[in-house]
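Top to bottom, those sequences are chains A and B.
With the numbering used here, you'll find the first sequence wraps up at 1020, consecutive numbering, no jumps.
With the numbering used here, you'll find the second sequence wraps up at 430, consecutive numbering, no jumps.
Hints are supplied without guarantee of correctness; some may be wrong.
Unchecked claim - Below, simulated DSSO-like cross-link-like pairs (lysine-lysine); rule was C-alpha separation at most 30 angstroms, straight line:
| id | chain 1 | residue 1 | chain 2 | residue 2 |
| --- | --- | --- | --- | --- |
| 1 | B | 313 | A | 879 |
| 2 | A | 990 | A | 1020 |
| 3 | A | 995 | B | 302 |
| 4 | B | 399 | A | 897 |
| 5 | A | 990 | A | 871 |
| 6 | A | 923 | B | 313 |
| 7 | B | 312 | A | 995 |
| 8 | A | 990 | B | 277 |
| 9 | B | 312 | A | 1020 |
| 10 | A | 987 | A | 871 |
| 11 | A | 838 | B | 396 |
| 12 | A | 1005 | A | 897 |
| 13 | A | 935 | A | 871 |
| 14 | A | 897 | A | 956 |
| 15 | B | 277 | A | 980 |
| 16 | B | 190 | A | 993 |
| 17 | A | 871 | B | 312 |
| 18 | B | 258 | A | 990 |
Hint data in this document are derived by calculation from the structure and do not stem from the laboratory.
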Amino acid sequence: MFHWLEKNPFLFAVGVFVVIAFAGLVEILPSFTNAARPIKGLKPYTVLELAGKEVYKKDNCIACHSQLIRPFKAETDRYGKYSLSGEYAYDRPFLWGSKRTGPDLHRVGNYRTPDWHANHMWDPKSVVPASIMPAYKHQFKNLADLETAYAEAVTVKKVFNTPYGDDIQPSKAAFEKYYKEKALPEALKIAKAMKNKDVLAMVQQGKIPEIVALIAYLEHLK
Amino acid sequence: MNSFVVKALVLAGVLIVGTLVVIKQMHVDLSDPVNMITFLGAIAIAVLAFGVAAKYMGQMKTDTATGELAEENWDGIGEYKNELPAGWAYSFLGVMIWAIWYFLWGYPLNAYSQIGEYNQEVKNYNKKFEAIHKNASPEVLKEMGESIFLVQCAPCHGETGDGLSGKAQDFEHRMSKKQVLAVLKSGQHQLMYPLGAMPAGLASGQQAEEVAAYVAGGMKGKAPAAWATCAGCHGQDGTGNGGTAPNLKTYDVTLVQHVLKHGKTGIIGHMPAFPGRFTPVQEKALAAYLQTLKQ
């Protein structure tokens, strides 16, 4: 019955390809396109938050902390709602992580406050006595690199059409205007909530230490 | 029956006896349907595998190939044009029909969902949890409250609930004098109790000092005259008029529920809201545990 098919190996190969491609079309593409879209209400990172994300990468938080809550009851009980792939639409790269020496951080903005983070990054054992996390005191002194973060925002706005406003423009003057009018007030709000006098004084002088950017980023994770 | 079949059935018998020995040794409970089905499946596999193998090995000894040869051959190796055995043919047909259904209907329209499985898991768990702990004893609630507290609350309030020397609310006391004074001065409506907003400036100066000292002291002794204003909403004994206003004496269930639902910002700082994080039983457990922390 199927001898004609066996005698035409090329035709047979095409047939196999069509069948498998159809399966891929039905099973992979719809959920993939759906999942890659940003979820409703997702905001891109502000420049200050992007600078904080750089601190997160630089100090290698990803080595011990994940940012992906799996849909298991044991996880959602502890960390909050399970993660959706559309939530990472503006993460380049995403920071899912693969190891949890410390807890997951994907919803940390829901249940921690800037002053808690400030205490914790200065001396983790002061709030969690059994913690094995090292202190990150240098973040209170080193300044965050807002300029690079601004350049990143300009790039993703142009290349990936990330929905930033007109205040993100490729010029030095635009950056300086943004820094003064947007980034500094945002940093000041965080610094006030941190209750750390030295940090607040630095921000009031127009300098943004890494810890402020990092906390802004962690507060965005909701 | 040829010797192959006899040998195969003996081998299958040995395997079945071996399985029985293991079941006996490991105390497997055969009244559990899953175990029973597994056991019956093992017997079927043993008998079928050896039986079928023996039948065809026996047949190979005597059988000769017959039938009409197909036209094409490969270096002299030919192929008979015999029909497929009926069992194979029907299986193929069945799989083809199933595959068409699965491609066009089964997968795209009725797909398995990971989230669906998660929802089911949570639903089943919560149902079981509520049923088991419907009338939980105070000891069970306290223990449950402690474990929730250590995971969810301790990072800010400290493992002993002391608020880490002023970084968060101190659960060993209900309210400090400073906190009472601050609320009297600014009013309060963050917790959305049914009795509504508490206006600012209900008491001031000496009166406020007296009320604050009275509340912070755990409402012991004689109430100051200005307490009458507070008692209008919070009740004469300060326990919140049956849950319509905040309890000023202990951390009761309604207080825990309202704070978890709305969060709270006070002179210490800000506590985020945890809406929907805990079940009613867990909230009861948290309150039960917080009350044991009180000195």
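Results for each hint:
no., hint, in the structure
1, B:313 to A:879, "37 angstroms, violated"
2, A:990 to A:1020, "21 angstroms, holds"
3, A:995 to B:302, "15 angstroms, holds"
4, B:399 to A:897, "33 angstroms, violated"
5, A:990 to A:871, "36 angstroms, violated"
6, A:923 to B:313, "28 angstroms, holds"
7, B:312 to A:995, "26 angstroms, holds"
8, A:990 to B:277, "37 angstroms, violated"
9, B:312 to A:1020, "35 angstroms, violated"
10, A:987 to A:871, "35 angstroms, violated"
11, A:838 to B:396, "24 angstroms, holds"
12, A:1005 to A:897, "34 angstroms, violated"
13, A:935 to A:871, "36 angstroms, violated"
14, A:897 to A:956, "33 angstroms, violated"
15, B:277 to A:980, "48 angstroms, violated"
16, B:190 to A:993, "84 angstroms, violated"
17, A:871 to B:312, "41 angstroms, violated"
18, B:258 to A:990, "42 angstroms, violated"
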